[in-house]
Amino acid sequence: MVVLLACAVATALVGALAGEPAPHAAGTVAVFALLAVHAAVRGAAVPRHVRVLLCGGLVLLAAATLIEARRRLAAPDLSALEWSRVMADRGWQQDLYRHLTILAGCRVLACLCFVAAAALPRRAPHSDSGNPRPRHHELLIGLAAVAGLALLVDAAWDASDLARQNAPRRATVDLAVVAVRDYPGGPDYPAARATALLLAGAAMTVLGCTHLRSAGRGG
Numbered sequence: 001m002v003v004l005l006a007c008a009v010a011t012a013l014v015g016a017l018a019g020e021p022a023p024h025a026a027g028t029v030a031v032f033a034l035l036a037v038h039a040a041v042r043g044a045a046v047p048r049h050v051r052v053l054l055c056g057g058l059v060l061l062a063a064a065t066l067i068e069a070r071r072r073l074a075a076p077d078l079s080a081l082e083w084s085r086v087m088a089d090r091g092w093q094q095d096l097y098r099h100l101t102i103l104a105g106c107r108v109l110a111c112l113c114f115v116a117a118a119a120l121p122r123r124a125p126h127s128d129s130g131n132p133r134p135r136h137h138e139l140l141i142g143l144a145a146v147a148g149l150a151l152l153v154d155a156a157w158d159a160s161d162l163a164r165q166n167a168p169r170r171a172t173v174d175l176a177v178v179a180v181r182d183y184p185g186g187p188d189y190p191a192a193r194a195t196a197l198l199l200a201g202a203a204m205t206v207l208g209c210t211h212l213r214s215a216g217r218g219g
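The opening position of the sequence shown corresponds to residue 1 in our numbering, with each subsequent residue numbered one higher.
Simulated from the structure, these hints should not be mistaken for lab results.
Among the hints, a few may not be true.
[To be verified] Label pairs and their in silico Cβ distance ranges:
#1 R70 with A10: 20 to 30 angstroms
#2 L5 with P190: 35 to 45 angstroms
#3 H136 with P168: 26 to 36 angstroms
#4 A44 with Q165: 26 to 36 angstroms
#5 L120 with W92: 40 to 50 angstroms
#6 R70 with R135: 43 to 53 angstroms
#7 P168 with L5: 21 to 31 angstroms
#8 C7 with A74: 21 to 31 angstroms
We treat Cβ as the ideally placed atom computed from N, Cα and C, and that holds for glycine.
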């Protein structure tokens, strides 16, 4: 599992760095799929409703990734002058806004699923021997889960803000930001960084939540 996750992460990062939406999406979705079938998530100690919420959040993150990949793959290869004409077309603006809104919605709903999985009441944590687990251990895992969720919320906020900036009623100056992001002149370091933070946030949130939730079912 570790090797598969490492390969998927590497594929996603290389695809993001090279500005290639297909390998980026394939690697990112593979990471989410591997997290969904991870032993920590599928274990009997994890309550079913928590597992459903976590897997639902991962599915929504994967859907957002595929929506973004579809938009970028369908974008024509145009010069700067041709892009300025395309961006002035209201139909193109509306299509872009619709894609960005759906993408942002998927990420926001994913965050809500993760928050629900983490916030639902649980019993006090116990070890397999029946003794309470060390509180500092639970605290560290809880902080990791919160940090991961913060990364996902930040990604959802960025997606929502980008959709707002590219509403059809706004000037096409904002739309140029999307075009530049989609067609970097060299290695796309911001995209690679955003991908790394998204994947790290998903892993920290899912694995942290499963550990905390399964803690209440032992003993």
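Verification of the hints:
For R70 and A10, the Cβ-Cβ distance of about 23 angstroms falls inside the hinted range of 20 to 30 angstroms, so the restraint holds. One distance hint, 35 to 45 angstroms for the beta-carbon pair L5 and P190, is violated here, with the actual separation near 23 angstroms. Under the hint 26 to 36 angstroms, the C-beta atoms of H136 and P168, about 52 angstroms apart, miss the expected range. For A44 and Q165, the hinted distance range of 26 to 36 angstroms is not satisfied, since their beta carbons lie about 46 angstroms from each other.
Take L120 and W92: their Cβ atoms lie about 43 angstroms apart, and the range 40 to 50 angstroms holds. The beta-carbon spacing between R70 and R135, approximately 46 angstroms, falls within the hinted interval of 43 to 53 angstroms. For the pair P168 and L5, the beta carbons lie near 40 angstroms from each other, so the given range of 21 to 31 angstroms is not met. In this structure, C7 and A74 meet the distance hint of 21 to 31 angstroms, their C-beta atoms being roughly 27 angstroms apart.
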